[in-house]
Structures are given as C-alpha cells and as structure tokens.
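Chains as they are written, first to last, in our numbering: chain P, 36 to 255; chain V, 36 to 255; chain X, 507 to 723; chain U, 507 to 723.
Treat each hint with caution, since some may be false.
[Claimed, not checked] EDC-like, lysine to aspartate or glutamate: derived pairs with alpha carbons at most 20 Å apart:
1) X:K637 <-> U:E646
2) U:K508 <-> V:D52
3) U:K639 <-> X:E646
4) V:K155 <-> X:D599
5) P:K172 <-> X:D689
6) U:K522 <-> U:D717
7) P:K199 <-> U:E634
8) U:K721 <-> P:D99
9) U:K637 <-> X:D643
Bear in mind the hints are in silico, worked out from the structure with no lab data behind them. A quick note: this is a predicted structure, and the numbers were derived from the prediction, not measured.
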Amino acid sequence: MNSREIIARRVALEFQDGDVVNLGIGIPTLAANYLPEGVQITLQSENGMLGMGPAAEPEQATNDLTDAGGNPVTILPGGCFFDSSVSFGLIRGGHVDKTVLGALEVDANGNLANWMIPGKRVPGMGGAMDLVTGARKVIVAMEHVNRNGSPKILQDCKLPLTAKNRVSLIVTNLAVISVKKGGGLVLEELAPEVSAEEVIEQTGAPLEISPNLKPMPILD
Amino acid sequence: MNSREIIARRVALEFQDGDVVNLGIGIPTLAANYLPEGVQITLQSENGMLGMGPAAEPEQATNDLTDAGGNPVTILPGGCFFDSSVSFGLIRGGHVDKTVLGALEVDANGNLANWMIPGKRVPGMGGAMDLVTGARKVIVAMEHVNRNGSPKILQDCKLPLTAKNRVSLIVTNLAVISVKKGGGLVLEELAPEVSAEEVIEQTGAPLEISPNLKPMPILD
Amino acid sequence: MKNKVFSAQEAVARVKDGDHVMVGGFLQGGTPDVIVRELIRQGKKNLTVTSNDTGREGCAVYDLVFAGNVDRIIADYIGLNPRTGQMMIENPDSVQLFPQGTLAEKIRAGGFGLGGILTPTGVGTIVEQGKEKITIDGKEYLLELALRADVAMIRAHTADEAGNLIIRGTARNFNVVMAFAADYVIAEVDEIVPVGELDPDQITIPGTLIDAIVKGG
Amino acid sequence: MKNKVFSAQEAVARVKDGDHVMVGGFLQGGTPDVIVRELIRQGKKNLTVTSNDTGREGCAVYDLVFAGNVDRIIADYIGLNPRTGQMMIENPDSVQLFPQGTLAEKIRAGGFGLGGILTPTGVGTIVEQGKEKITIDGKEYLLELALRADVAMIRAHTADEAGNLIIRGTARNFNVVMAFAADYVIAEVDEIVPVGELDPDQITIPGTLIDAIVKGG
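Input sequences plus hints: build the corresponding full structure.
Below you can see the structure in the form of structure tokens.
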C-alpha cells in the first residue's frame with residue numbers, strides 16, 4: 036500500500052453515514068474510494084453542487100457540469116445545483132460536516148497554511164479559507180514531511196495561514212494526530228510498520244502519546 | 036372622476052415602457068389600470084414575483100401563488116418567482132424603477148411616514164422601508180388631506196419615518212407636487228377645477244409654484 | 507439512507523418548550539399549516555416565533571399566537587393579528603419588528619455563517635435605535651445581526667425522500683432562507699417522491715438541510 | 507417590448523475602455539466565452555476584471571489577460587494563469603485576492619444594495635489586512651465591502667426574449683450574483699425562445715436584470 040492509499044483509506048474511516056463532505060483535490064478526493072460498508076456520504080463541490088458523482092465519460096462531458104477543478108463530472112440521484120453564494124452559505128454556515136484538505140504546514144494550535152508561499156507561489160486561496168473556517172470538522176490529509184524531508188507539522192506555522200485553530204485531525208502516511216482544543220498534538224495511531232519514535236522525529240512539534248495509541252485500522 | 040381615479044390616472048403617466056414597478060395596496064394598485072398606450076410595465080410583488088398578473092379566478096386560486104396582500108393572483112408570461120431575500124435584493128439593489136405608496140405624512144424634505152401611529156397603530160413596516168429606500172423613484176399617491184381635513188403634506192413629518200429624503204413626487208386628488216433635491220416642494224400640476232390657492236391652503240408646507248404650472252394631463 | 511419521513515406528531519415532538527421556531531410563509535401564502543397547528547395540539551409553551559407576519563384570521567400562525575403558545579415574536583408585519591398588537595402594548599419587548607428585507611437578510615446571514623449585513627434600510631428611522639451605524643463612501647448603513655433559531659418549519663410542494671424540496675410560485679418567500687438557519691428543520695409538503703425523481707436543476711432547497719419531511723393536508 | 511437580442515459585436519461595443527467587467531464562470535465551467543473573446547477582438551483597454559479565476563489555457567479569460575486588455579484583476583484563484591501571477595509580481599496592487607465565498611458575498615451585496623457583510627473567513631490571516639474587524643458575541647468577523655461593476659458578462663443555457671435566463675448544472679456559479687451587480691449585463695446563451703415558453707418556477711435569473719442577450723457558439 037503506498038502513502039497516498041494509506042492516507043486515503045484512513046481518512047475514509049472518519050466519515051459517518053449521511054455526512055456532507057467537501058474533499059480537496061489530490062489525496063483527499065481519493066478517500067471517497069474507500070468508504071466503509073454501509074456509509075453513504077454526499078460530496079459537496081464548492082463550484083455549486085451536492086451529490087457529486089464520478090468523472091463524466093467523454094460523450095457526456097459538458098462545461099455546464101464540472102467539478103471544482105473545472106473538469107467534467109456527473110451528479111448522483113438526490114443531488115442538486117446552486118450558485119456560488121449558496122454554495123459558500125452551505126460551507127460557511129456549518130452545513131458541511133467534514134472537509135479534507137492538503138497542507139503546506141499545520142501546527143499545534145490547529146492552524147493551517149495551504150494556500151501560498153510568499154515570493155514564490157501565490158495561486159490564490161480559492162475556497163479553502165471558507166472551507167476551513169466553516170466546515171464542522173477539518174481534517175488535514177498529507178504526507179508527513181515535505182519533499183526535502185522537513186516536518187510539515189510544526190509548533191507554529193511559518194507560512195501565511197488559511198485559517199486559525201480549525202484543524203482537529205491530521206492524517207499522514209505515518210500517523211494519525213489529533214489537535215486538542217486549546218492546542219497541543221496527540222499521537223493517536225501509527226501506520227503499518229511505523230514506530231512512535233519515527234513519528235516524533237519527523238514532527239516539528241511536541242507530541243503527547245495517547246494512552247490508547249494503536250495501529251491505523253486500515254488493513255482489510 | 037372620483038379622487039382615487041384622478042390619482043391613479045395621473046400616477047399611471049409616470050410609468051415608462053419597460054419599467055419595473057412595485058405598487059402599494061389601495062390607490063397605487065389602481066394605477067396599473069390606466070397605463071398609457073404602448074407602455075408596458077412589469078409589476079414586482081415583494082413576496083416573490085416579477086410579472087404579477089390579475090387576481091386569480093376562484094378555480095385557479097392557490098396559496099402557492101399570492102400577492103403581497105396574501106390574495107391569490109396570477110403571473111403573466113415572462114414573469115418569474117424568487118424567495119424573499121432575492122426579492123428585496125431586487126428592491127434594495129435599485130432593480131425596481133418605481134414604487135408608488137400611500138402616506139400618512141410626507142414632507143418638504145422628501146421624508147415619508149406611512150407605517151405607524153405611536154400608541155395607536157403599529158402594524159409593522161412590512162416591505163415599505165426597503166421599497167422607499169431602494170426603488171429608483173419613490174412616488175407618493177394619496178388624498179391631499181386626511182379624514183379630518185388636516186394636511187398630510189408637511190414641512191416636517193411628525194410621525195415615525197419610513198425613510199428619509201426618498202420621495203421625489205407627490206400625486207394627490209388636488210395636485211402634483213415635486214420634491215426638490217435638497218428639499219422644498221414645487222406645485223407642478225392642478226387637478227380639474229382646483230386652484231393653486233386651494234392647494235396652498237390645504238398643504239402644511241410652503242409651495243413654490245412652477246413656472247410651468249399646468250393642469251393634470253389625465254383627461255382622455 | 508436515513509429515514510426522514512415522519513408524521514406531524516413525530517416531527518413536532520422534537521420541538522421543546524422555550525424553543526425559537528422560525529415559520530415560513532407570507533400571510534396565507536406558502537405556510538406550513540399542519541405542523542404549526544401541531545405545535546398548538548402538543549401544547550408547546552414559551553415559544554419565540556420568527557415569521558414574516560403573524561397571519562390573519564384562518565392562518566395557523568394567527569391561531570398559534572391566540573392560543574398563547576408564543577412569548578416572543580420577531581416579524582415585519584403584525585397588522586392583521588390583534589393579539590400580537592396586544593402583546594406589544596403589554597410588553598414592548600415581546601414583539602420585535604424589522605423591515606421585511608432586513609429580516610430576510612438577517613435569517614440568511616444566520617444560515618450562511620455571516621455575522622450580519624450592512625443595509626441602508628431604516629437609516630434615519632426608529633429602526634436604527636440601538637444599532638451600530640457604519641458609513642461607507644459617505645453613505646450610512648445599519649449593521650443588522652444574523653438571526654438563527656432552534657427549529658424551522660417550512661413548506662414546499664414536493665420533497666424527495668432525501669429531503670430535496672421543490673417550492674412552487676410565491677411560496678418560496680421566507681421558506682428558503684429559514685431552511686439554512688435552524689438546528690432542526692421540518693418541511694411540510696404535498697407530495698413525497700423517491701430519490702432520483704427530481705431534476706437537480708429544479709431543486710429549491712438541498713435535502714441535506716432537511717431533518718424531517720411531513721406530508722401535509 | 508424592447509429588443510434585447512444583439513450580436514456579440516453589438517453587445518460588446520457598449521463596453522468602454524477602463525470599464526470594470528465582471529465575468530461569470532469557474533475555470534472552464536459556465537463561462538461566456540464568445541463575448542469575452544469579443545472584448546479582445548474589439549481591443550478594449552485598461553479593463554478591470556472580476557472573476558472567480560483567470561482561467562487555464564484555452565479559457566477566454568486566460569486569453570483576455572494574456573492579450574493585455576486587463577490592468578487590474580479581482581479574483582480568488584489565479585494559479586493556472588502565469589500572466590496574472592506575473593502582473594501580481596510586477597505590481598502587487600494590480601491583483602486583489604479574496605476568499606471565494608467572500609468574493610461571492612461581496613458581489614451579491616453590491617447587487618442587492620447592501621454596504622457589505624461580516625464574515626469569519628480570513629480572520630487571523632493576511633486577508634484581514636486593512637479591513638475593519640467587528641466582534642459579535644465574542645466571535646470576530648471581517649467587514650467585507652460590496653462590489654459592483656460597470657459590466658457583467660454571464661452565461662446561461664436558455665434565454666427568453668425578455669432576458670429571463672435558465673442556467674443548467676454547475677454553471678450558475680458566479681453568473682447569478684453578477685447579474686445583479688453591474689450597470690450593463692450581457693448574457694451569452696445557447697438558445698433563445700419567445701416570451702412565455704419558460705416555466706416561471708425554473709427561471710434562474712429575472713429578465714429585468716438583463717440588457718443584452720447574445721447567442722453563443
């Protein structure tokens with residue numbers, strides 16, 4: 036199982052039947068492939084849809100039905116469409132149960148930085164700030180360290196924030212870490228063949244070890 | 036021609052082809068019956084419709100299609116429905132060209148009082164404050180004096196206001212009076228068989244007499 | 507899929523004494539009469555009701571106010587309900603009036619996660635009392651705060667079993683914004699169809715907002 | 507009834523150099539490509555463009571920015587248009603970024619006659635720079651001001667000759683709020699039908715807001 040699959044499979048276990056979920060592009064989107072049996076979720080796409088389905092086949096593709104990446108997609112039975120102001124009303128108003136996003140950095144206070152690197156890359160925040168501010172539960176799904184092997188989980192984010200104090204769970208290829216209300220990180224689960232020491236070493240903030248520390252329940 | 040008809044006929048001449056108009060209950064609503072030839076207007080009803088048509092026949096009446104008085108009504112071809120937030124978006128956003136309302140009092144600064152009499156009658160403002168604040172042109176249509184014969188056009192309203200400085204034209208059974216930007220009333224037109232002196236006498240604020248003072252152009 | 511279809515009795519049983527209940531509709535247009543009358547039948551007490559108006563004779567909200575179930579009212583028009591007028595005389599704080607467009611925006615803000623909105627409506631009138639005034643480019647606005655409730659009772663024409671609603675005609679009124687602005691949302695409908703029968707382009711209110719569907723009269 | 511149906515050339519001729527133009531769409535979804543490209547063809551200069559994004563290769567807004575017609579951009583996402591990124595490096599004031607939900611609300615406020623809205627989005631981030639912060643019940647909000655434009659270019663599927671629009675699928679995006687927020691609104695559509703053919707319950711945007719209808723590709 037590769038890193039992406041480990042993360043996606045573990046994120047999928049966070050979903051409960053009936054949840055409305057917005058998934059960021061990349062690893063978060065993969066999570067929808069690993070839903071536990073009996074769990075049905077409704078995908079919200081911030082460009083204006085609930086009940087988003089799989090990518091459209093070439094012959095049904097239209098620019099009037101696209102996902103948040105602009106790619107032709109489908110809608111499932113029971114879904115519906117709305118404009119951007121309503122879409123972000125749903126997001127900001129707490130009508131999205133969970134959002135899963137990638138991060139450049141996430142910190143011990145649940146702060147998230149995922150939208151810009153000053154002087155280097157300023158793509159714009161898109162819908163990320165609203166999603167992280169408004170969704171009931173914010174889950175970060177990412178590789179534990181960056182390409183240079185440096186920690187992405189820090190005591191304090193150095194990059195410009197996406198939102199403050201909003202992340203409550205971090206799922207990586209190495210571990211599941213929860214963020215305590217009021218701050219502080221707790222190591223909850225370990226990926227297959229990963230030790231607590233390894234996780235501590237690759238994390239840029241102190242980790243409390245959960246008394247119930249366990250392996251990620253992803254192997255089935 | 037009775038007072039109500041004089042007022043309604045004169046108000047109707049204010050409408051231009053293509054206007055979006057919201058008409059208050061009573062005399063203002065009658066104005067739609069006297070549209071000049073070639074003038075087509077779209078009626079906005081603040082409970083959620085553009086293109087309001089005549090009252091519904093008993094057999095087509097439904098509570099899912101009513102006017103702002105709660106009475107069953109029809110919609111004309113080219114009309115459409117929307118919710119209250121959109122309806123008042125149209126009103127507040129300047130997308131209604133003209134609104135015509137009754138008044139308890141109107142004054143030399145274009146202030147309007149038409150929603151409450153303290154200690155006596157507090158029905159609520161309904162949509163009146165938004166209409167008077169947001170419509171591009173606010174026309175007051177009313178009897179010149181109240182039931183006791185006292186002026187309703189005053190130097191300063193005494194009753195609680197509906198909105199400040201928004202009325203630009205007053206059409207009564209005696210006269211047409213315009214409100215100057217920055218304040219001041221100008222007698223523009225006289226109803227049939229009414230003299231300027233009579234109007235001045237029954238008005239509670241100084242009236243400038245227009246150099247173009249003329250009879251109301253309502254007889255056809 | 508969770509079942510969302512309930513009897514009026516079951517759906518309204520979850521409302522608690524003292525709850526703030528938003529009721530959609532505009533006079534007799536587009537009101538959820540069956541579930542509002544069920545509030546009376548179940549004798550819910552000390553309610554706060556937010557509604558465009560408190561109805562006229564024959565309306566369910568009119569009867570709810572007369573039945574004495576309501577301690578506090580938020581509305582824009584109460585002129586056809588003498589009992590509401592009497593409440594206001596006896597205790598001015600028991601009835602709070604807002605301009606209709608302001609009330610719609612307050613509820614929308616509550617449901618959309620906004621803290622409030624700036625509106626020019628009410629500037630220079632008694633509506634501005636106690637409110638913050640903010641001047642932008644020389645124009646004055648009132649800061650009107652968001653409004654939410656414990657319960658929303660709304661009406662639609664058709665629901666699917668997932669709660670997606672289609673509202674017809676002028677019945678959208680306050681029903682749409684209220685669906686976003688309460689913790690528990692009951693929709694009274696004429697017709698319930700299986701999921702997949704409604705055209706996703708025609709759905710007025712997303713089903714994910716709806717907790718209970720009740721078939722009305 | 508006034509004629510509202512024009513060629514792209516006629517409709518876009520009314521846009522002036524220096525105008526602020528809002529363009530509906532979301533990347534390649536629901537964009538009014540024909541009329542945006544007509545801005546390039548007519549060589550309109552010094553435009554300000556407000557749009558969700560500045561497109562990716564193949565998008566009309568992408569080409570508009572590359573063609574040099576645009577001096578200033580207001581958007582929430584510019585990551586797939588290197589020319590916009592370059593503008594931002596050369597002159598940081600030439601590109602203004604807002605969170606997507608904030609941008610939608612700012613435009614809606616502009617069209618709906620509101621002065622602005624209070625949003626929690628952006629609190630504690632660089633988005634709050636230069637903005638008023640207002641605390642309500644212990645929670646902080648940013649005051650985000652209304653945004654209007656001279657011109658809105660939007661896309662719909664069907665128009666009637668009065669300008670009533672039906673938009674399909676996810677193409678509603680920014681097209682809906684922009685229709686309210688500009689002095690001159692051009693709608694690009696696939697199909698134009700006589701007045702009376704559209705179901706009034708299904709109309710996405712009222713025709714009274716639309717000044718010009720252009721039949722697209």
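Can you list which hints this structure breaks, lowest number first? none
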